[in-house]
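Those sequence lines, one after another, are chains P and V. Heads up: the first sequence runs through residues 1 to 469, numbered per UniProt numbering. Heads up: the second sequence runs through residues 1 to 469, numbered per UniProt numbering.
Bear in mind the hints are in silico, worked out from the structure with no lab data behind them. Honestly, I wouldn't trust all of these hints.
[Claimed, not checked] Within a straight-line C-alpha distance of at most 27 angstroms, the following computed DSS-like cross-link-like pairs (lysine-lysine) qualify:
{"hint": "1", "chain 1": "P", "residue 1": "Lys323", "chain 2": "V", "residue 2": "Lys286"}
{"hint": "2", "chain 1": "V", "residue 1": "Lys448", "chain 2": "V", "residue 2": "Lys56"}
{"hint": "3", "chain 1": "V", "residue 1": "Lys54", "chain 2": "V", "residue 2": "Lys448"}
{"hint": "4", "chain 1": "P", "residue 1": "Lys286", "chain 2": "V", "residue 2": "Lys323"}
2 protein chains.
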Amino acid sequence: MSETQPDSVVRTYIDTHRTAFLDDLAEWLRIPSVSAQPEHAGDVRRSAEWLAAKLKETGFPVTEIWPTPGAPAVFAEWPSEDPSAPTVLVYGHHDVQPAALADGWHTEPFEPVVRDGRMYGRGAADDKGQVFFHTLGVRAHLAATGAAAPAVHLKLLIEGEEESGSPNFRALVEERAERLAADVVIVSDTGMWSETTPTVCTGMRGVADCEIDFHGPDQDIHSGAFGGAVPNPATAAARLVAALHDEDGRVTIPGFYDGIAELSDAERALIAELPFDEAEWLRTAKSHAAAGEAGYSTLERVWARPTAEVNGIGGGYQGPGGKTIVPASAHLKLSFRLVSGQEPYEVEAAVRDWVAARVPAGIRHSIVFGAPTRPCLTPLDHPALQSVVRAMGRAFGQRVRFTREGGSGPAADLQDVLEAPVLFLGISVPSDGWHSPNEKVELDLLLKGVETTAYLWGDLAEHWKPATA
Amino acid sequence: MSETQPDSVVRTYIDTHRTAFLDDLAEWLRIPSVSAQPEHAGDVRRSAEWLAAKLKETGFPVTEIWPTPGAPAVFAEWPSEDPSAPTVLVYGHHDVQPAALADGWHTEPFEPVVRDGRMYGRGAADDKGQVFFHTLGVRAHLAATGAAAPAVHLKLLIEGEEESGSPNFRALVEERAERLAADVVIVSDTGMWSETTPTVCTGMRGVADCEIDFHGPDQDIHSGAFGGAVPNPATAAARLVAALHDEDGRVTIPGFYDGIAELSDAERALIAELPFDEAEWLRTAKSHAAAGEAGYSTLERVWARPTAEVNGIGGGYQGPGGKTIVPASAHLKLSFRLVSGQEPYEVEAAVRDWVAARVPAGIRHSIVFGAPTRPCLTPLDHPALQSVVRAMGRAFGQRVRFTREGGSGPAADLQDVLEAPVLFLGISVPSDGWHSPNEKVELDLLLKGVETTAYLWGDLAEHWKPATA
Ligand SMILES: [Zn+2]
Ligand SMILES: [Zn+2]
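So that you can see chain P by itself, here it is in the shape it has in the complex (with noise of 0.2 angstroms):
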């Protein structure tokens, strides 16, 4: 169906374009979308502008600035002249991280420079470069195909809240589900293992996350007159975190396990072929020690098993020195990650069930959910994968491997509420500091994300019918 992409022309074309394209980053760096910082809000309504009209200088004929409670989103739109062709949702964010200079970086975050083939300014590599390489890309694509629209119904739909934990992301993508439909979502807000491995990320975790509040006694009392004697919320809290893990490390929970497929030897294998040095990885962990599941390894740890984490306990008195009390209440604040197989409500519901049958008598206990999000796996052998693997195989020269991801991400209610596979492609590397000082990316690697695309699309439309389209 679709025409050959000479990779040259395709080079030539990129090569051609590349210093329109950095010269139109920049300039998009320059806008200082800090969805988190009100005083910003007027900038990150100008970044989805900025980014509107860039999508329709660069040919989609459909581009809309979608409002919401909070920052707005863009949404852009080019079909492909053949009606069966698959349709491919692009997700990336154009809002950023707080930055100032203080912070400790070199040059003013929102003034980039190139120095040494990367481009410094925060969102160079989170999320506004990776966003930005489907520009060029889809120009690159055509430029090779010789056609006026791409081999696939290409969306993009960029949010502008992603930074602040996408408040109204669900429910714009639920208001907005017959538009966004896709056969395919690729999640361009991820990264690879490093500038020299080349990888597809396969795997989100989940995450659910609760409080527990234990009451005991209905005040502070105190513990020589009445120690030894009434049970003490902040033993009680202790005792389920204890509980919480076996000697093995497993979870003990009953049923948290249940729907989870064993990693496979070929995945296993896939994890095991990367270059991980652990005491780097320690490092990066800014950790003393590796702990965890037995049997599993520090990266099947953290990319396919699901976990109990505590991350807040409090209870008593937590000022200076002592005070000889048993206090009235603690609170542990516990999140789950999950692995594809798990479903959020079900894990919810054993962890009620577990809590409520271990408080003990005289502690009153209330345990409050936040809202899931959903593990996302690609299956190795879905076709759409083997395409983005292809093409980015093709743009980098070398073999492609996969990492998975242990965070979650709203990637989730894409899968979810447009009910398609989630695929994810990133170029970003661990170096390029995501959320700290001096954000960076690697320009070699942005063009060749811009490559990867310019093969993708026609990869894709060449070898996957979709059953819907």
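Please build the complex by placing chain V with the ligands on the supplied structure of chain P, with the hints as guidance.
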């Protein structure tokens, strides 16, 4: 050696002097000697001066104000004419808890009023009333014996910082140990079981407390990226707390119970014969269940058994909502109530060893102990205790039973430094509202306190010849 003291003489003397005695007490209660509030420092000094003057007027040939780096103590001494008589040191305090009408007092806390046979006012029971009964008591004793000096060498030490944790008390006692030397210490800063059940307290628990800090990652790290693969210091803290007790509620720290004599059948019988109502006790404890070491009653647990209690726990995020982190650190405040036979510094060493052995790899910890307070226990067969019981029995016309206190107090410093047994003589009842609004003292019981001491000195001199005398 001593004269007989016909009870009728004592009672007549008390009746005759009752009004002046109560007027004097009311005058003292008008001085707001709140040691915890710097703006009342002058009042605490005034209270000491008032008491010293009153003791001089009572007849004590020696009255001194002993300065400390904080609030002053009052010392008074009245030697017996018999050089071989026992030396008794009475302990109490002249400072009071803070109080304000707005806290729920029906009348001004420092404007004492007599109503329904009670005197209301801050310090009425804790501890001015109980210090003050010793003044009329010794006069009534002299009235009955016709002697010019008490039958025992009588010393009083009335400190001014008890409600602020007695920060300078031990140093004062060490510095003045020769002046304070005594065969027995009588602490008048406790209470009785109830209005209708006169009791004498025979012991207080000691206490050792510590803070433990746990350090994991060098900063809070993302629980998505790293959770499940590094040790969590909040989990380490919780596991330590959970491991403190076994399923029978016994403390698991090796050596913790070393040196403790089991409660004898006689001691258990004395506790069991008290009219204990667990439901009412739970209301006082503002708690919703009794729980503790298996094999012991509630009273045995709080009076006669050591404990390990969590006074505070903290770590990670404790604000509103959730935060998906592995926290950098966690903190515990533990206290251990100690009973006779336990050596605080041995308990401290046992706790240190036990904690160090349980902190997992990758978590650093530090542990700091405060200055411990030793337990006090009066042997039931001590002749001075027998005198107190007889004197109280004569005053109350009832059998006197035995209690203990679960708390810990500066009495232990007197026991330690002066190497003298500590007895407790208090007439306050639980409804007196120590540290609460509308503190009061029952006038009938207050005068029974006067009467008890009127009998006590003669009984002591008659029945006890300490080895040192
Ligand atoms: Zn991002
Ligand atoms: Zn007191």
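Results of checking the hints against the structure:
1. With a CA separation close to 18 angstroms, the supplied pair P:Lys323 and V:Lys286 stays within the 27 angstroms bound.
2. Of the pairs offered as hints, the one joining V:Lys448 and V:Lys56 holds, with about 23 angstroms between alpha carbons and a cut-off of 27 angstroms not exceeded.
3. For the suggested pair V:Lys54 and V:Lys448, the alpha carbons sit about 20 angstroms apart, so the restraint of at most 27 angstroms is met.
4. For a cut-off of 27 angstroms, the pair hint linking P:Lys286 to V:Lys323 stands: about 18 angstroms separates their Cα positions.
No hint from the list above goes unmet by this structure.
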